[in-house]
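Trainee: Using the sequences plus the hints, can you model the full thing?
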Amino acid sequence: MPNPYTAESAAKPAYCAVVALVLGVGLVATTLIIALLSQRFFYDVDFSRAPILAFTSLFVGAGLIYLPMAWLIPRLPASRYALAAMLLIGLLMRALLFDSYPVLEIDYYRYLWDGAVLANGFNPYALPPAQVPGSELEALALQAGPVFERINYRELSSIYPPLAQLLFALAHWLEPWQADGLRYLYLLADGIALVLILSILKRLKLSPLWSCIYWWNPLLIILTYNGLHMDLLLLPLLMLALQSMIAQRPILACSALTLAAGIKLWPLLLLPFALRGLLTRRRQLAFAVGSVVAIASFAILPMLLFASAEHSGLAAFSQHWQRNSALFSQIVGLLSLFGDAAEMHARLLVALILLLLPCYLLRREPVDASQLIRGITITIAALFLLSPVQLPWYCLWFLPLLCFYPHPALLLLCALMPIYFVRFYFDFRAETALFDDGIVWLQYLPPLALLLLRPRNQQAAAPPLSQHV
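Residue numbering for the sequence shown follows the working numbering, starting at 1 and increasing by one per position.
These aren't lab readings, by the way, just hints derived from the structure by calculation.
Below are the DSS-like pairs computed for lysine-lysine, each with C-alpha atoms no more than 30 Å apart in a straight line:
| # | residue 1 | residue 2 |
| --- | --- | --- |
| 1 | Lys205 | Lys12 |
| 2 | Lys202 | Lys264 |
| 3 | Lys12 | Lys202 |
Each pair of labels, with its calculated beta carbon distance range:
| # | residue 1 | residue 2 | range |
| --- | --- | --- | --- |
| 4 | Ala78 | His345 | 49 to 55 Å |
| 5 | Ala130 | Gln284 | 43 to 49 Å |
| 6 | Phe317 | Ala14 | 49 to 55 Å |
| 7 | Asp340 | Ser199 | 47 to 53 Å |
| 8 | Leu268 | Ala309 | 20 to 26 Å |
Predicted, not measured: the structure shown is a model, and the values here were computed from it.
All C-beta atoms in this analysis are idealised placements derived from N, C-alpha and C, irrespective of residue type, glycine included.
Mentor: This is how it looks when you write it as structure tokens:
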């Protein structure tokens, strides 16, 4: 069976260009409707009457409109006009959401508060919001107004690492207490990530239009510019690390990954991919490890010093939180047959798998660019699929890699993850179990079936890398 990403097609480039343009217009129109619909989701409305199902349907629909681009891109001429049109449509989708109201999202209130706390010279890990009244932060809380009042998990201190806190403080400097401060910051990170993706595509001799997999992705655009989730801030550093690994600059790759861990801790899992080429070069290996320790001392350590506090958000997240998980719930159920503390044992088992997986993927030599990208993609996808917390914005972690390794199952997963928002529909009716015990699988079963049923010879290929690297 021919590879759908690289096979020659009888479809004319002009016809494919028209189809791609129609899809782009469809994405812009869907984004506009979502932006208008967001006005029905103000913080104090009756969410039991909010159009949650309409929002979810539009969100999933946007993902399904986007999916055919993976088939169209290799059939489009990589002209500067096509690239300009792609960039313009993606930029327009982002611009439409700048004035939208975050739909069913309140995490950004914590970002705004943390940024203000740090910008005013206080430690965001020292005091949870619930303990602010009567403290030296009380005046700042009064200044924050509704931002402070709407912070979630008020009994816990911040879960976000130090570099993320610095970026929140920068957003506060740009627009104090305003969501647009975050949006400006996200747009900057978004643009840097795109430039790095284009640079990697050029190095791999791939069409720059593959960047459309990132730039047009509705999950990224809606969850970042409407939902205001901060995971996009990781992506420039992840792409810098990947570019450095491909260019055989492991020390820079290690530094970028450690800095990325200062935004979310998990990029440390990817260090074996950066260090693999240094195993026989002890001096450079020692220098790379030293750079990791040095950067971690300011990018990660300040948060870890408060991890044992009773109000630690990091401790609560790593030990207790579980949301929207499918496979992890099954692991817990299986381990519960053998004794108590099944959830703790499941977390330890998943952690062990994720620690060993990069070593398994790197067991063969040499590791070329195709194997490297495939291995990193598999590791991040496994982290997501096995995690006890599988929120849609976590898919952004592996999304840029799909520009180089556009696996159909992962693309489909990105399209279906907005089904998560149906959970709120049942939650506001005290019927959350209906989602957690059944509907949750609608997000995961089709991608898992595609992953398992796809012919082995196609799984072995790494489109579009297989014919270019």
